[in-house]
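2 protein chains.
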Amino acid sequence: MERLDPAIASALKDPSALIPAIVQDSISGEILMLAYMNSDSLAATLTSGRATFWSRSRNEIWIKGATSGHIQEVHSITLDCDGDALLLKVTQTGTACHTGKETCFHNPLTLDTSPDLIS
Amino acid sequence: MERLDPAIASALKDPSALIPAIVQDSISGEILMLAYMNSDSLAATLTSGRATFWSRSRNEIWIKGATSGHIQEVHSITLDCDGDALLLKVTQTGTACHTGKETCFHNPLTLDTSPDLIS
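As you go down the protein sequences, you meet chains A and B in turn.
Mapped onto my numbering, the consecutive letters of the first sequence carry residue numbers -12 to 106.
Mapped onto my numbering, the consecutive letters of the second sequence carry residue numbers -12 to 106.
Mixed in with the good hints there might be a few duds.
Since copy identity is lost for identical chains, a pair holds within one copy or between any two.
To be verified - Below, a list of computed lysine-lysine pairs in the DSS-like style, where the Cα atoms sit at most 30 angstroms apart:
1. K76 to K88
2. K0 to K88
3. K76 to K0
The hints are simulated quantities; they were obtained by calculation from the structure and are not laboratory data.
Could you put the whole structure together from the sequences, leaning on the hints where they help?
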C-alpha cells in the first residue's frame, strides 16, 4: 500500500477523512464524476497516474476501470484552498459512468426562477 | 425557508444528508469551488437562481456572496447517477475563492509518475 507523502498529508484539512475528488476531462472540461479518496488512494493516484479512489460501498481501494477497463489517466491533481477537496484532470478511456453515459452528471433539475431573475 | 420539491427529494440518495456541489464556470468550464447543500439550500438555489449552500463551519444557510457580493448566478443544476452529488454551472461575480483567487483549486500536487507511464 502506498503511503502519502507527509508534506501532502499536512496540506489536507484532515488526512484521516475521505476527501471528495472532482474528475474533469482534461480536454473538454466536462465534469465526469465525483468520487472519494482516502490518503492511501491519493498516494496511489499520485504514484501510478491512474485515478484511484476509496469505494464507500465496497469499503476498499478502487482503481477506476480495474474491471471495466474504463481507466482515467491523471494529468494533474489540485487541492483546494481549505485542503478538503481535490480536482483531477484526466483522460478517460471509455465512459466514466457505470450507466454507459459519458458523465455521471446527467439528471438535470429544473430551475424555478422567473425570467427577470435569470436572463 | 424553501422546501424541496418532493419529486426532487426522492431523486436524492439521502435527502437528509449534505450533498457535495461542484461549481463550474458556465463559459470557461473552470471548476471554481466545491461546497455542500442540504435540501433547504438546494430548494433555495432552484427557486432563487443564486447559489446557496449549507455552511458546515457556521452551521447555517449560506447564500454565496451575501456579504462579499461575489454571487453565483446559476444556469443549470445536474444531479449525478447515484443522487449524491450536484454540478452547478454558474456565472461568477468577482472571485469564487475567499483568498481572492478565481478558483479555490490553486494548490497543485506533484504527480510522481515516470515519463513512460504518463506521456
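A quick look at each hint next to the structure:
1. Taking CA atoms no more than 30 angstroms apart as the test, K76 paired with K88 passes in both settings, with 18 angstroms inside one copy and 19 angstroms between copies.
2. Taking the shortest Cα distances, K0 and K88 sit within 30 angstroms of each other only across copies (19 angstroms), while inside one copy they are farther apart (33 angstroms).
3. Taking the shortest Cα distances, K76 and K0 sit within 30 angstroms of each other both inside one copy (21 angstroms) and across copies (26 angstroms).
No hint from the list above goes unmet by this structure.
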